[in-house]
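Read off the chains here:
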Amino acid sequence: MAVQPLHSSAPPVGLASPAHTSDPDVVRVLRDDGSLDPAFDPHLDPETVLAIYKHLVLVRLLDDRLVTLQRQGRIGFHIGSLGEEAAIIGSAAAVRASDWLFPCYREFGAALWRGMSLQAYMNNMFGNSEDPAKGRQMPDHYTCRAAKFGSISSPIGTQITQGVGFAWAAKMRKDDLATLVYFGEGATSSAEFHNGMNFAGVFKTPTVFFCRNNGWAISVPVERQTASSSFAIKGVAYGIPGIRCDGNDLFAVYKCTRDAIAHAAAGGGPTIIEAMTYRLSGHSTSDDPKAYRKEGEVEHWKKRDPIARLRKHLELEGRWDDARQQALEAEVDAKIKDAVAVAEKIQPPSLESMFEDVFAEPPWHLQEQRDQLLKGPRAKGH
Amino acid sequence: MPQMNMVQAINDGLRFEMKRDERVVVLGEDVGKVGGVFRVTQGLFDEFGDDRVIDTPLSEGGIIGTAIGMALYGLVPVPEIQFADFIFPAYDQIVSELAKFRYRSGGEYPAKLVIRTPVGGGIRGGHYHSQSPESQFIHVAGLKVVCPSNPYDAKGLLLASIRDPDPVMFFEPKRIYRAAKGDVPEGEYTVPIGKAAVVREGQHVTIVVWGAMLYEAIAAADEAKAQGVDCEIIDLRTLWPLDIDTIIESVKKTGRVVVVHEAPKTCGFGSEIVALINEKAFLNLEAPPVRVTGFDTPFPYTLEMEYLPLAHRILPALIETAHY
Numbered sequence: 061m062a063v064q065p066l067h068s069s070a071p072p073v074g075l076a077s078p079a080h081t082s083d084p085d086v087v088r089v090l091r092d093d094g095s096l097d098p099a100f101d102p103h104l105d106p107e108t109v110l111a112i113y114k115h116l117v118l119v120r121l122l123d124d125r126l127v128t129l130q131r132q133g134r135i136g137f138h139i140g141s142l143g144e145e146a147a148i149i150g151s152a153a154a155v156r157a158s159d160w161l162f163p164c165y166r167e168f169g170a171a172l173w174r175g176m177s178l179q180a181y182m183n184n185m186f187g188n189s190e191d192p193a194k195g196r197q198m199p200d201h202y203t204c205r206a207a208k209f210g211s212i213s214s215p216i217g218t219q220i221t222q223g224v225g226f227a228w229a230a231k232m233r234k235d236d237l238a239t240l241v242y243f244g245e246g247a248t249s250s251a252e253f254h255n256g257m258n259f260a261g262v263f264k265t266p267t268v269f270f271c272r273n274n275g276w277a278i279s280v281p282v283e284r285q286t287a288s289s290s291f292a293i294k295g296v297a298y299g300i301p302g303i304r305c306d307g308n309d310l311f312a313v314y315k316c317t318r319d320a321i322a323h324a325a326a327g328g329g330p331t332i333i334e335a336m337t338y339r340l341s342g343h344s345t346s347d348d349p350k351a352y353r354k355e356g357e358v359e360h361w362k363k364r365d366p367i368a369r370l371r372k373h374l375e376l377e378g379r380w381d382d383a384r385q386q387a388l389e390a391e392v393d394a395k396i397k398d399a400v401a402v403a404e405k406i407q408p409p410s411l412e413s414m415f416e417d418v419f420a421e422p423p424w425h426l427q428e429q430r431d432q433l434l435k436g437p438r439a440k441g442h
Numbered sequence: 094m095p096q097m098n099m100v101q102a103i104n105d106g107l108r109f110e111m112k113r114d115e116r117v118v119v120l121g122e123d124v125g126k127v128g129g130v131f132r133v134t135q136g137l138f139d140e141f142g143d144d145r146v147i148d149t150p151l152s153e154g155g156i157i158g159t160a161i162g163m164a165l166y167g168l169v170p171v172p173e174i175q176f177a178d179f180i181f182p183a184y185d186q187i188v189s190e191l192a193k194f195r196y197r198s199g200g201e202y203p204a205k206l207v208i209r210t211p212v213g214g215g216i217r218g219g220h221y222h223s224q225s226p227e228s229q230f231i232h233v234a235g236l237k238v239v240c241p242s243n244p245y246d247a248k249g250l251l252l253a254s255i256r257d258p259d260p261v262m263f264f265e266p267k268r269i270y271r272a273a274k275g276d277v278p279e280g281e282y283t284v285p286i287g288k289a290a291v292v293r294e295g296q297h298v299t300i301v302v303w304g305a306m307l308y309e310a311i312a313a314a315d316e317a318k319a320q321g322v323d324c325e326i327i328d329l330r331t332l333w334p335l336d337i338d339t340i341i342e343s344v345k346k347t348g349r350v351v352v353v354h355e356a357p358k359t360c361g362f363g364s365e366i367v368a369l370i371n372e373k374a375f376l377n378l379e380a381p382p383v384r385v386t387g388f389d390t391p392f393p394y395t396l397e398m399e400y401l402p403l404a405h406r407i408l409p410a411l412i413e414t415a416h417y
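Quick note, the sequences are listed as chains A and B, same order.
Numbered by our numbering, the letters in the first sequence go through residues 61 to 442 in order.
Numbered by our numbering, the letters in the second sequence go through residues 94 to 417 in order.
Note that these hints are calculated values from the structure, not bench results.
Keep in mind the model is a prediction, meaning the values are calculated, not measured.
Every residue, glycine too, gets a C-beta built ideally from N, C-alpha and C.
Among the hints, a few may not be true.
Calculated Cβ distances over 10 Å to all of chain A for the following chain B residues [as the list claims (entries may be wrong)]:
1. A272
2. T395
3. P409
According to the in silico footprint, chain B covers these stretches of chain A (three or more CB under 8 Å from chain B) [stated by the list, open to error]:
4. 191-205
5. 221-227
6. 258-267
7. 409-420
Can you make the complete structure from the sequences, with help from the hints?
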């Protein structure tokens, strides 16, 4: 597999070029003029494209609103997906209903697409008593089994081997499902990535490794994560096919994910997809990227905004315009406002709930500690 | 009733559970064709096939990480870590993931494994085949920890562990894998998790012990008896959740306690046991609680019999505590 150099602080050859054909090893469908390359067009039905576009707008506005809420001190934290929406939602939209998602912590758009309610997500942001994680984890560390969406933790890469094991178990039981495992390019430096890729390769598990190469792992650029010529090429060492796609191109992401899932479902085993995208925001609300990267780089990527590019496609087809955009934004805004208002009024979790779910039944020591807490003085400021 | 050693009893327990419940799978390094380096899984590969007795790549993190994924799917994996000394590449998966899954997902994703691994010294294993890291798992909220001392308990606790809804660290004292023998019923029975055994009743000093050191405690108690000190011996069997009631009941009777374990002294599980006794039975104590343990050094090779809390070190502690 011939692979182009990684993008870094210098704009990448493939994605910087106005011509979509400049890098033949990066799958791209959506051209700069909004038209689709017929050679790779996944032939998504127009209604689905429109639904995805609306969802991208929701996720973008939600990101914006959550950052504001954090700045206002109303929520503690947010880790967003600004600029990576097409990679996240395009992939989630491409899997089958039977497939499961093993998320990192930046894929709330995928959870919502798969059916997690906006209210449940917002309840997690506020850590209230109706938060699916019962207020036990930071914001953006939710869970949604009903959406076949895993439980989020902060340690890097731990979901990778779990996603492999889950798919492996399904294969043993001869159940027709695959797993889509998300991680950032920084996670490819973790032991978990190696373990997951190696086990998946050896046991040919139906797993799609979805690497969001967003350029940065907090302050560390891609060239500090690897000396490889790409992240997809790492598959070679594990006997796993790798493919790079334009991560800001909904159609390319969709096509690569759908094909990889079909390959897995047909018994072909795992694939690693490197979606080349860019983290337009800081790592999280706790991060200031001005300290380590040049504004010019961000400006370059803003011109490749995945939502603007999809909108251009819809406009070219005569299916979108300013009036529709304004109406959508007003509608989404109202939905978000409602969810925030509801979440803010819901009570915090009960004191007792701190001691539940450590074990299926609380043993004596947890009962004792719970009773001590209940009898004792209350903390201020929560 | 058949006589078995620990290896045979655990093997029998695994076979019984794999027959009973097809969700039970065994995975680990060398557990398949060769039946494990201690032969605990011998014969299971031939009986159940390579989908249920899986030789994995050499990666503890990969074994536990994928086993958690299998558990989330609904299987009941029983991974083996070849030596507890090698468990640390998987520590992140155990601590950050396995132990917290039920809690952090609000109960949506209970992840249940029984992680089997040989522990303890006395086999000329040096640093990396001898350690007893139990307290490093007890300290993590969300894990149950067991350590049987005999074949009957080993099988009974294994069945209970596999059927328990929570993740269990199943520590097997390798020094007595073949040395400890006893009657083991065929088929079904369980030893409840969370229940200690009073191995010997006595009036003067309570000994709290588990695993291979039980036999050293018995030997020391025999010697002490000859010197007029009558010891009560509690084999914890389950380390966490601790059977505090059995310990406190005994300490209230004797007023004196010696805790014995192989792991280093500082922040060893003995520290927690003594703290709990102080909290719950301080006014019943006639002597300071004593710990006889390994030292705060890496586990040594040539001097391992000096490092281990064997009978010759337990005995003076019993006598001094009795006469304090």
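Outcome, coverage of the stretch 258-267 of chain A by chain B - at least 3 residues whose beta-carbon is closer than 8 Å to one in that chain: n = 3 at 8 Å, threshold three: holds.
Non-interface claim for B:T395, where every Cβ of chain A lies beyond 10 Å: It holds; B:T395 is separated from chain A by about 33 Å at its closest Cβ, greater than 10 Å.
Coverage of the stretch 191-205 of chain A by chain B (three or more Cβ within 8 Å): Held - the stretch 191-205 of chain A has 10 residues with a Cβ nearer than 8 Å to chain B, which meets the minimum of three.
Coverage claim, chain B over the stretch 409-420 of chain A, checked by counting residues with Cβ within 8 Å (three needed): Since 5 is at least three, the answer is holds.
10 Å Cβ clearance of B:P409 from chain A: 32 Å, holds
8 Å C-beta test of the stretch 221-227 of chain A against chain B, three or more residues: Answer holds; 7 residues pass the 8 Å Cβ test.
B:A272 remote from chain A - nearest C-beta pair above 10 Å: 32 Å, holds
In this structure, none of the earlier numbered hints is contradicted; all agree with it.
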